[in-house]
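S.K.: Assemble chain E onto chain D, guided by the hints.
2 protein chains.
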Amino acid sequence: MAERIWTAALAVIGDEILSGRTQDRNVAQIAVWLNAQGIRLAEVRVIADREDAIVEAVNALRGRNDYLFTTGGIGPTHDDITVDAIARAVGVDVVVHPEARAVLERHYADRGGLTDARLRMARVPEGARLIPNRMSGAPGIRYGNIFILAGVPHIAAGMLDALTGTLEGGAPLVSRTIGCWVAESEVADLLRSAEKGHPGVAIGSYPFFREGRVGANFVVRATRQALVDRCTADLTAALEHAGRQVVDGGI
Amino acid sequence: MAERIWTAALAVIGDEILSGRTQDRNVAQIAVWLNAQGIRLAEVRVIADREDAIVEAVNALRGRNDYLFTTGGIGPTHDDITVDAIARAVGVDVVVHPEARAVLERHYADRGGLTDARLRMARVPEGARLIPNRMSGAPGIRYGNIFILAGVPHIAAGMLDALTGTLEGGAPLVSRTIGCWVAESEVADLLRSAEKGHPGVAIGSYPFFREGRVGANFVVRATRQALVDRCTADLTAALEHAGRQVVDGGI
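Chains as they are written, first to last, in my numbering: chain D, 1 to 251; chain E, 1 to 251.
Next up, chain D with everything else stripped away, as it sits in the complex (with noise of 0.2 Å):
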């Protein structure tokens, strides 16, 4: 019986990563929660701080995914703009949150009080929930199958720490990683063998360059464990024979 995959989408808000002025730090580690939770990310979309790129993204990727996670754009600023173009592409009104008020007041308390500006992180999609956030003030939302989370990486992924073990998944990605110091255009026929030779593997070829020679990391990836170590072992087996020195868990 074929497993059920889950997947999810990621929708990255904001011009500072289109500008190249900031690295971004979201897919990697949204990518690497997801897959404990075994759910895959699927497909990453970076968009810009204009609510109708917001909304074509939403809703593009949040009825072909389990999930749809967007990280950036729900600070106090004009330019956050994520949750009223959220809720425009699903359809709803943008509503204060009773709760999220109560947080931000009880968490601005000491700090000169709720603002209006303040008070913009207490909105959301009518009928959202919230997603706790113990590393800042303003919570993350969750509005159907739709995360909301901050964009700066360290408060993402506090919201992803209070969503672990709440979402239904599948069977993890499991991988392992050999290396060889070789061209992968020298092993490309027997990469290309084991992976025909094992339904259900997926091998990657990440090439490198590095102390002045070229090698390359192939990465096994499947739903089980076995599958994966059989795979490994034949792949492994294959370049031995032809004279190549295979170093687990990769270089």
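Derived from the structure by calculation, the hints contain no laboratory data.
Beta carbons: idealized from backbone N, C-alpha and C, even for Gly.
Some clues are possibly wrong.
[Said to hold, decoys possible] Keeping only pairs whose Cα atoms sit at most 20 Å apart, straight-line, the calculated DMTMM-like set for lysine to aspartate or glutamate is:
1) Lys196/D / Asp229/D
2) Lys196/D / Glu186/D
3) Lys196/E / Asp116/D
4) Lys196/D / Asp116/E
5) Lys196/E / Glu51/D
[Said to hold, decoys possible] Quick partial rundown of chain D residues pointing at chain E, CB under 10 Å, derived from the structure:
6) Val12
7) Glu16
8) Thr22
9) Asn35
10) Gln37
11) Arg45
12) Val46
13) Asp49
14) Ala53
15) His78
16) Asp80
17) Arg118
18) Met121
19) Ala188
20) Asp189
21) Arg192
M.R.: Here is chain E on its own, set in the frame of chain D:
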């Protein structure tokens, strides 16, 4: 007269980014390079090594941007399917480019010769031109407004070098950053007014938490330096008037 804005999209092709194994470096470097060419990176998609996903993204992105860049999937192994997918997306055959073949023959002359696997790297969509690659053997590929680059960041960088100054663009986006040790929520109104008062300017607000204190950098962006400088001066004055110390250049 409104200035013509030139835009590019980027498709990052690779399971290794979606699995979280590899931290992407190409979005930021291509964004910065594009800006120097007077071209704005308008959107990015990260997609799996799956032909239908690549075809869909290429066709969505190439039509609505002046340029489309792709990274990844042009090596010699079975998981390198970018050329085939792009040829299918644009409706042409895949052919061996004679000049690419000659380049690879020279490159591999003292490295074991041009095997079938290596010859894969000379395959291009019919009608394509080559982008020189000084770093390793295999060239990048240009087909119409599509630029097919390597996934390994320093090789992609070399291909960008070869393209520098060859693409038509408009005025580059210029920016100036100022920083404040302040919670962005305390100055949200000032930011909004400064942006409103200077049409053509976008102000991004990027909060951080450092040395036990909150702060924020404000990035003022426009296509004309004079406009950026005027808006920055006004914003600085407004922040100082509100009793805030401003750090020119950002914190």
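S.K.: Could you work out which earlier hints the structure fails to respect and list their numbers in ascending sequence?
M.R.: Violated hint (a single one): 10; every other hint is consistent with the structure.
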